[in-house]
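Asks: When you read off a place in the sequence shown, starting at 1, and then add 2, the result is the number in this note's numbering.
A few of these clues could be false.
Straight-line C-alpha distance at most 20 Å; calculated EDC-like pairs for lysine to aspartate or glutamate [as the list claims (entries may be wrong)]: (1) 46 <-> 283; (2) 199 <-> 283; (3) 199 <-> 291; (4) 199 <-> 58; (5) 46 <-> 58.
In short, the hints are calculated from the structure, not lab data.
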Amino acid sequence: MTPRRRAFTLVELLVVIAIIGVLVGLLLPAVQQAREGARRTQCKNQLKQLGLAILDYHSSHGLFPIGAGNTGRQCPNGASGGGLTGGQFTSGRAGWSVLILPQLDQIARYDEFNFEEPFMGLFCCGYPTTGVNVPYQQEPLPLFLCPSKAHQGAESYTTDYSAVMGGGTDSDVQCHGTPGPRNYFNNGIFYANSSTKIGDVADGTTKTFMLAENIFLNHSTSDAWSWASTARPGGTYSTIGPITAAVSSINVKDTTLNSVSMSQRTFASAHPGGAHAVMADGSVHFLNENLNLNVFRSLGIKNDDLPLGGL
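Using the sequences plus the hints, can you model the full thing?
Replies: In structure tokens form, the structure reads like this:
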């Protein structure tokens with residue numbers, strides 16, 4: 003007599019499926035966490051490369067590259083203030099991200115640009131997007147893109163990393179223009195037409211921000227700051243980028259700031275819990291988003307002489 007084969011009952015099958023579901027539920031967060039950890043490490047390494055390239059530039063030229071370049075003005079569309087020259091920008095010039103290309107072993111990319119011709123700022127709003135340098139500004143450079151953030155449309159040639167122009171509160175606004183006040187600082191290392199040297203960083207290179215993550219800067223898939231952007235001249239929205247400031251809390255889009263688009267200027271990342279920043283000595287730190295706001299702002303300033311603990 004042929005023995006009857008043992009088969010799974012419906013109850014047993016459901017139990018097995020339930021166990022598999024529980025295991026997947028337990029393992030999936032761990033896998034996702036491991037992947038994010040790898041992306042965060044890659045992001046840190048990219049910022050490290052940028053920081054070292056800036057320091058190499060300083061070694062070669064005796065000063066840091068300019069934050070953003072324009073002809074003759076530092077306050078877009080505004081009155082002079084805080085040592086900055088007021089008035090409309092007239093023509094954009096290459097900023098920090100283009101000037102350090104040779105230090106990033108990107109000589110071929112550097113040679114594509116014509117430094118005698120204007121550079122674009124913000125690619126948006128019907129603003130002219132023609133010019134000798136525009137095609138090269140719209141060529142993606144993956145080193146400037148955080149792997150934890152998805153990039154679509156114009157975001158493929160943008161940047162998630164910005165140079166730090168300083169820090170302070172909204173009351174420290176340096177430039178006043180149309181349609182409202184704009185927060186621009188010259189108390190950090192990088193700003194419009196800056197010429198900062200290591201010796202100007204009186205607070206110490208380990209206690210002064212140089213670069214930071216800033217994913218709020220580009221908030222649209224059609225309007226974007228290129229990784230090679232600089233001062234945007236003309237119109238009522240003259241501005242500069244890719245530049246950030248230690249103003250509002252990390253990863254918080256503070257829309258209460260009395261400053262046009264200032265919510266886009268704060269440190270922000272796609273990583274949970276904080277954002278990376280590069281100090282003026284080239285070291286990279288992950289800043290907790292709950293970092294004391296006064297300490298955070300002070301770290302954006304190169305010479306406020308305030309005592310600070312370690313990060």
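Asks: Looking back at the numbered hints, which does the structure fail to meet, lowest number first?
Replies: Hint 3 alone not satisfied by this model.
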